[in-house]
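Participant: So you can see what is in the structure, the chains are spelled out below.
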Amino acid sequence: MNKIWLIIQREFLTRVQKKSFLIATILVPLIIPAIMGGAVYLMIKEAESAKPENLLVLDESGAFKLENSKRFIIVPVSGPIEQAKKAYSETNDFGLLYIPATSVNDPKGITIYTKESQSIEKIGSIESMINNIVKDAKMERYNVDKETLKDIRNTDIDFKQINLSETGEEKSSNTFLLYGLSMGLGIMIYIFVLVYGIQIMTGVIDEKTSKVVEVIVSSVKPFQLMLGKILGIASVGLLQFTIWIVLMGVVSSVVLGSFGLKMPQQQAMEQVTAQMDDEAKEEMESQAKGPAVAEFMDNLNQIPFTKIAIVFLFYFLGGYLLYGALFAAVGSAVDSQQEAQQFQFPVTIPLLIGYLGLFMFVVRDPHGPVSFWLSIIPFTSPVAMVGRIAFDVPGWQLALSMILLVGGFLLTTWIAGRIYRVGILMTGTKVSYKVLAKWFMMKG
Amino acid sequence: MNALITTDVTKRYANHTALDSVSITIPEKTIYGLLGPNGAGKTTLIRIINQIINSDQGSIEIFGERLQEKHVGMIGYLPEERGLYKKMKVGEQLLYLAQLKGLSKKQAMDRIKIWLEKFEIKDWWGKKVEDLSKGMAQKVQFISTVMHEPKLIILDEPFSGFDPVNAQLITDKILELKENGSTIIFSTHRMETVESLCDHIALINKSKKILEGPKKQVKDQYRSNTFVVEHRGNNFRLPADRYELMNQQPIEGDLFSSSIKARDGIKGNQVIRDLIDITEVHSFQEKLPSMADIFISLVKGEGDEALKKHLQEA
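Residue numbers (our numbering), protein chains in the order written: chain U, 1 to 444; chain P, 1 to 314.
Accuracy of the hints is not assured; some may be wrong.
Stated by the list, open to error - In silico DSBU-like links for lysine-lysine, alpha-carbon gap of 30 angstroms or less:
{"hint": "1", "chain 1": "P", "residue 1": "K173", "chain 2": "P", "residue 2": "K151"}
{"hint": "2", "chain 1": "U", "residue 1": "K430", "chain 2": "P", "residue 2": "K208"}
{"hint": "3", "chain 1": "U", "residue 1": "K3", "chain 2": "P", "residue 2": "K89"}
{"hint": "4", "chain 1": "P", "residue 1": "K86", "chain 2": "U", "residue 2": "K18"}
{"hint": "5", "chain 1": "U", "residue 1": "K211", "chain 2": "P", "residue 2": "K173"}
Don't read these hints as lab results, they were simulated from the structure.
Take these sequences, add in the hints, and give me the full structure.
Facilitator: This is the structure in structure tokens:
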């Protein structure tokens, strides 16, 4: 045990003392909010500077009375179409909309000519302008008057989502917020497992190619060395992660602060302090400017952050240990990074499945059967369950998934340990799956 | 007392047997040469002694106790394939390796300082291994092998990579360690080192031990009562009932060198006496087999008779 501790210390210290660690640890939290801030800044700038473009309209039916919109200024032109096309090609205008002599009730042959392929958004907005005219015409045919029409158009319902728990407790939830949280947590687990898993593999390959491993295993059991390495790198990861969260929190609140926004954590913190202190709570409520803000904060407050944090940490470590052992086995079997790739790929496939599943199933339908299975099977559960957790997973599912994950990493560590003990002493062997199986079966 | 006794140690892999019932006895405070061609099973045996791998059968006793995990601190191992952490500093590296062998941090510090002084490399503490030359790294590795004062030191080809000056330095240190009571297992192909350093030898070939014993005894075993004589003139006849002329070569002018095999029971002095009467003797020496001769003939798979013949003719 004492020796494993020495190994953990060495793995931790040699990595933490590296310049690259320091740079990555400090730069990432600076760069990510900077990119976010930059993107927000550019979006705002673009929205401000966006000017409406000219849309030439040749309306042979005379029934479509298009109006200027935020995006387009309508410029009527005269036919015939060949002439209009020629005229359009000499301008810098957005496009030429051709409406043949057709009925407004059943329009046919409406065409838009543009010089380049244009974004769906812009084309879509033109289509919806026409659609609206057709709809209006239909409404009028059904004797709907203009005022009613306007009222119908201005529909904007206030839609609240409330989860009714078994105990009858009501929780309002904000799908958009959960969506972002779920996606973010899942991606973080994926990146963490992959990046640090590969670090384990590289570390094992280094020890093997530098031949130092034979000296080390004459003092400790190969399994102790493997475990020490995995745990040492895990502690590097946890440290780096903690620093990132703290730094990112600070930097983000500075960046967002300059746009007049508040960090969700900060708001949550205010909530917490408010709960503890009635005066502060009143103060904060008075600060809440509108019902929308209050609702957002309420939703935020409903998200069980402590539970999510604990679950996240569990899957963070569980997933890392499960894959870390496999990466260690891959590293032990090969003589170089290049050689490692053929085995590295199959190891990352289940992780990738979990990652893709997160986008395709978990965030869209967190309680569907695919999401369920992805979050139960140990190889995909670290990414999938963390993605689901924000959406309130039933307790038994969470428990089952956790037990299976623990079982999963014990299994992979056992398998990896058997391959590792043989692999680290074998150099110059052409390794195939058959050879790996043989190593695994080898006794003693 | 014996430092190490292996009894019927066997290791089998899927397609071959790496060690076949190998039993050796290594007396305390000796330098024990473990010889054998490449692939004979020496490294497997060394790894089993170091508990890097387990044997399938057989038992190992170290200083009278059954070999267990707690004994790793008693053993110092210098593998043939040298290796250190390239990015680590010399001092930190030695500290780490010493602690893995069970030394406390303070003990380790003291020992490392002593050894760095012995090798006059005190200022290397903060140097990274990747910045050292191959010979320099070898010195560091040698220190890592012996700094925890192991009672049993296993050196696999210890001189490879050293220039003659440093090889001599290492030789001196090895002898010093033996003086201080350590037992040293020496695995090497260099027969001249075996001749000059080893007290005991064992020869392993094709997974089996084929020869073991004190060096002198082994050599005596392969004595053939053959003598090399330099003499002037070759027109003499040896009494055929007592001697056999194995070969004769001219050296210079009428100076010749002859290998003469005497019948069993005839001692060197008697041979000289007989020769003086019939020729002018310039030099006389009993022909003893060199370790290289014994090694080569045994490994080539020739039987004892063939070996003796080979030794006489050589």
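Participant: Each of the hints needs a verdict: does it hold here or not?
Facilitator: Each hint tested on the structure:
1. K173/P x K151/P: holds, 14 angstroms
2. K430/U x K208/P: holds, 27 angstroms
3. K3/U x K89/P: Measuring from Cα to Cα gives roughly 20 angstroms; hence the hint holds.
4. K86/P x K18/U: Holds, at roughly 14 angstroms.
5. K211/U x K173/P: Status holds; Cα separation ~24 angstroms.
Of the hints listed earlier, there is not a single one the structure fails to meet.
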